[in-house]
Amino acid sequence: MSTPPTHDADNGTPPTASYVADLEARLREAEETLDAIRNGEVDAVVVGGPNGQQVYTLENADRPYRVLIEQMLEGAVTLSEDGTILYCNERFATLVGADREGVLGGPFGRFVAPGDHAGFHRLLSRGPGAAATGEFKLRRSDRTAVPVNISLVDLVLDEGAARIVCGIVTDLTNNYRRSDELAAANQRLEREIAERGRAELSLGLALDAAGMGGWDLDLATGMIRRSLRHDVIFGHTGRVPGWTLRDSMDRLVPDDRDRVERAFAEAVKTGWLEFEARIRRVGDDAVRRVHVKAQTYYDAGQPVRIAGVVADVTDQRVVEEQLRQAQKMEAVGKLTGGIAHDFNNLLMIIGGSLDMLGRRVPRDPKTDFLIESAQQGIQRGAKLNQQLLAFSRRQDLHAEVVCIDRFVETFDHLLDRAVGETIPVKIVRASNDWRSRIDHHQLETAILNLAINARDAMPGGGVLTLTTESRSVDHDVAARWGAIAGDFIVVSIADTGIGMPPAVAERAFEPFFTTKGIGKGTGLGLSQVYGFAKQSRGFVTIDSEPEAGTKVSIFLPRTEEALPAAATTEPERPAAVTGSGLILVVEDDADVRRVTAGMLHDLGFLVREAANAREALALIDSGTEVDLVFSDVIMPGGQSGIELAQELNASRPHLPVLLASGYTAEEIIPEALFDELVLLHKPYSQTELSRAIIDTTLKRSGRSP
Amino acid sequence: MTAEPPEETSKIYKLRLFVTGSTPRSTRAIENMRRICEENLKGQYDLEVVDVYQNPDATRELQIVATPTLVKILPEPLRRIIGDLSDQERVLAGLDLQPLA
Numbered sequence: 001m002s003t004p005p006t007h008d009a010d011n012g013t014p015p016t017a018s019y020v021a022d023l024e025a026r027l028r029e030a031e032e033t034l035d036a037i038r039n040g041e042v043d044a045v046v047v048g049g050p051n052g053q054q055v056y057t058l059e060n061a062d063r064p065y066r067v068l069i070e071q072m073l074e075g076a077v078t079l080s081e082d083g084t085i086l087y088c089n090e091r092f093a094t095l096v097g098a099d100r101e102g103v104l105g106g107p108f109g110r111f112v113a114p115g116d117h118a119g120f121h122r123l124l125s126r127g128p129g130a131a132a133t134g135e136f137k138l139r140r141s142d143r144t145a146v147p148v149n150i151s152l153v154d155l156v157l158d159e160g161a162a163r164i165v166c167g168i169v170t171d172l173t174n175n176y177r178r179s180d181e182l183a184a185a186n187q188r189l190e191r192e193i194a195e196r197g198r199a200e201l202s203l204g205l206a207l208d209a210a211g212m213g214g215w216d217l218d219l220a221t222g223m224i225r226r227s228l229r230h231d232v233i234f235g236h237t238g239r240v241p242g243w244t245l246r247d248s249m250d251r252l253v254p255d256d257r258d259r260v261e262r263a264f265a266e267a268v269k270t271g272w273l274e275f276e277a278r279i280r281r282v283g284d285d286a287v288r289r290v291h292v293k294a295q296t297y298y299d300a301g302q303p304v305r306i307a308g309v310v311a312d313v314t315d316q317r318v319v320e321e322q323l324r325q326a327q328k329m330e331a332v333g334k335l336t337g338g339i340a341h342d343f344n345n346l347l348m349i350i351g352g353s354l355d356m357l358g359r360r361v362p363r364d365p366k367t368d369f370l371i372e373s374a375q376q377g378i379q380r381g382a383k384l385n386q387q388l389l390a391f392s393r394r395q396d397l398h399a400e401v402v403c404i405d406r407f408v409e410t411f412d413h414l415l416d417r418a419v420g421e422t423i424p425v426k427i428v429r430a431s432n433d434w435r436s437r438i439d440h441h442q443l444e445t446a447i448l449n450l451a452i453n454a455r456d457a458m459p460g461g462g463v464l465t466l467t468t469e470s471r472s473v474d475h476d477v478a479a480r481w482g483a484i485a486g487d488f489i490v491v492s493i494a495d496t497g498i499g500m501p502p503a504v505a506e507r508a509f510e511p512f513f514t515t516k517g518i519g520k521g522t523g524l525g526l527s528q529v530y531g532f533a534k535q536s537r538g539f540v541t542i543d544s545e546p547e548a549g550t551k552v553s554i555f556l557p558r559t560e561e562a563l564p565a566a567a568t569t570e571p572e573r574p575a576a577v578t579g580s581g582l583i584l585v586v587e588d589d590a591d592v593r594r595v596t597a598g599m600l601h602d603l604g605f606l607v608r609e610a611a612n613a614r615e616a617l618a619l620i621d622s623g624t625e626v627d628l629v630f631s632d633v634i635m636p637g638g639q640s641g642i643e644l645a646q647e648l649n650a651s652r653p654h655l656p657v658l659l660a661s662g663y664t665a666e667e668i669i670p671e672a673l674f675d676e677l678v679l680l681h682k683p684y685s686q687t688e689l690s691r692a693i694i695d696t697t698l699k700r701s702g703r704s705p
Numbered sequence: 001m002t003a004e005p006p007e008e009t010s011k012i013y014k015l016r017l018f019v020t021g022s023t024p025r026s027t028r029a030i031e032n033m034r035r036i037c038e039e040n041l042k043g044q045y046d047l048e049v050v051d052v053y054q055n056p057d058a059t060r061e062l063q064i065v066a067t068p069t070l071v072k073i074l075p076e077p078l079r080r081i082i083g084d085l086s087d088q089e090r091v092l093a094g095l096d097l098q099p100l101a
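Chains as they are written, first to last, in our numbering: chain A, 1 to 705; chain B, 1 to 101.
Bound conformation, chain B alone:
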């Protein structure tokens, strides 16, 4: 099996954010993620927000251990970023958009 050329898939970012209802960090994480996506990935992302209260089994597939957690599903490799996503540099690095300083 061969890996698909990264050029072709890097255009679309498939992201999933796991939160717990409207807890303060979850709320902040949703706001932060929206902002980062709008500023850096406009038109190239697909963000799905999952409330683990409502759908606890959704955590199993992606091996979520805590919330809030952002998962970059595509492009590969899969990455998890935990916390309220207030550190934009770290988020961008996790998304392979900018290398860590």
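Just chain A, same shape as in the assembly:
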């Protein structure tokens, strides 16, 4: 208000009207100011002093600040330099769970959690300057903890006055809870990702274990995402970068492409895809058979992806084919066995009758010739039947431990004779003492059969090679052939002849299957080989290629059993002898029974007949004095001849039992009875019958009573 007048104040010029007006205005202003102050229309007055302008607030003028501080949602405190609480708002009191009266005047430190004391005092003792903040835990009066953020700033008041620190305390519970929730959500997400990862991994492992490759075709781009196994199936050693549907098609053998393309086109409409096709594998260029199965995925009705699996089923198909073949052979074998059984009985009737006829008719050279011819015919029939039975594996196997190499050694001349002079025979022996439990007569027949086939396959000459070797067969291979894994002795006959196309090789073991001209082969040669190998718990493989020759290998299981002691020389066999006594004939076939009875009559025996074991036992139990029981082994229904023999052995140990059979399955004769019983093979002659009766009687009388 002491500003000099702006106009001409000090130049001595007399006051003008404007000067007066100005003064009046100033006066009015001063009066107004005084009035305003007097009437309380101002909030503050400003006083100039040596320390600069000071603002003095009038009563209630700072009320809004107080209200602001009191009502704000942060805790507010003022602290003395040593941390004593001079002031706190209501919010702070609530935060620490105490009354304001209990808080004021006390140290702030008592609300700081023990672990945070040092940190808080560091914050407090930073001294004047910029604001400092830190996160701490407050300890409420109920001992629970509250996470807070504390910012401290020095309050600048009068100079020289004691230091006052102003603090804002922000409750972080919600922030923490939110970040806890966030962390929990993150953790859940991580777990889910890990779980999905594991699921994908185990799916991958499962697919891999099943030998399946996974693939996923994007229909828009034609790109296929694949598992490693997928690429491996196609012959790659590692993953191939980038693979389109076109790439897959290119790997198919040309004949299969159209069909597979059609299948893919259909899959888009039908929603599923399944086919089997041949691919040419990268690397070894092998043709492999793959099975593909997949599903189409749609987005808003539009096909977008086809995803599925691929598996190499080549080996599986081979095994299936082998199994199918084995089943067929088994069925044919059963049928053949049945026929052979009946055929044997017929031969028995004819042979037996012929035998007796020969003794009754007056003999002259012509009659002798006729009878001999008929008997030769029966011998041939019997031999044929042996081969049929061999195939059906119902032939009696006289198995014993044989050293294969030593046995093959004796074959040199035999093979030379069998194949003729034009074909050299090469024998490649391993020269070892590997042994197998087999029927060596059957092995001999099998090798001869194979040699004859080999000879016939080389009309223009060639080389026949007989090889023996030892080979380990693992479970997979053995199972494929219905054998048990282990060490096998392999006897192979290889020729350099015309070979066989696959279709012929496939059927080679079937009985009566022959490619030879009518009358030149029976079609039973390989069937015998097959049956022999099977019955010896081995198997046969055949490798043949047209124009390259054929190799047939007989796998016989090796044994560690020792060779039997050298056979004792058999006692001199008497010729047909007559005898006396009562023989009980047990036979279900009436014709065979009659012929047998006739033969025994001719030999001087008394004969009683029974159609089955039950009848036989009834007869014996009735007190009939029987000197010997002669029984067929296989009798439909009821007890078998073996069971009858066992029963009689128990009840009447001194009664001799002779068994006759066209065939027996070896396993049904108990080992214990092997030494006790004499087995007569149908068809038998009168002489053979009489010898067998003598053998039986001798065996029985050799026993101690």
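Do not rely on the hints blindly, as some may be mistaken.
Straight-line alpha carbon distances no greater than 25 Å define the calculated SDA-like cross-link-like pairs of lysine to any residue that follow [stated by the list, open to error]: (1) 14(B) with 49(B); (2) 14(B) with 53(A); (3) 699(A) with 597(A); (4) 14(B) with 19(A).
Not close to chain A: a few residues of chain B, all C-beta gaps over 12 Å, as computed [claimed, not checked]: (5) 12; (6) 13; (7) 34; (8) 36; (9) 38; (10) 39; (11) 40; (12) 43; (13) 45; (14) 46; (15) 47; (16) 48; (17) 49; (18) 53; (19) 92; (20) 97.
Simulated from the structure, these hints should not be mistaken for laboratory data. A virtual CB, placed ideally from N, CA and C, is assigned to each residue, including glycine.
Keeping the supplied structure of chain A fixed, place chain B upon it in accordance with the hints.
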């Protein structure tokens, strides 16, 4: 020295309002001044609000003794109007916009 012709400067009003934070009168003074300026001086004023708490030395130059106080710096002559400016007639008179009744 000569005074500048009032016609040329009367177009722009340079005003400065001194307040003390958000006290009730200061708040009212700011609201009132804004309204008066918008209604009577639209486009011709430059209003500066000074919080004397934040800048106490700013009071010295214009010899402010209390707040709220409005100072008309231009056009001359310089005028101070004290109070919450709720009396519009008085404010307008102080700004030489209308003579006092």
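Unmet hints by their number, sorted upward, for this structure: Hint 18 is the one this structure does not satisfy, whereas the remaining hints hold.
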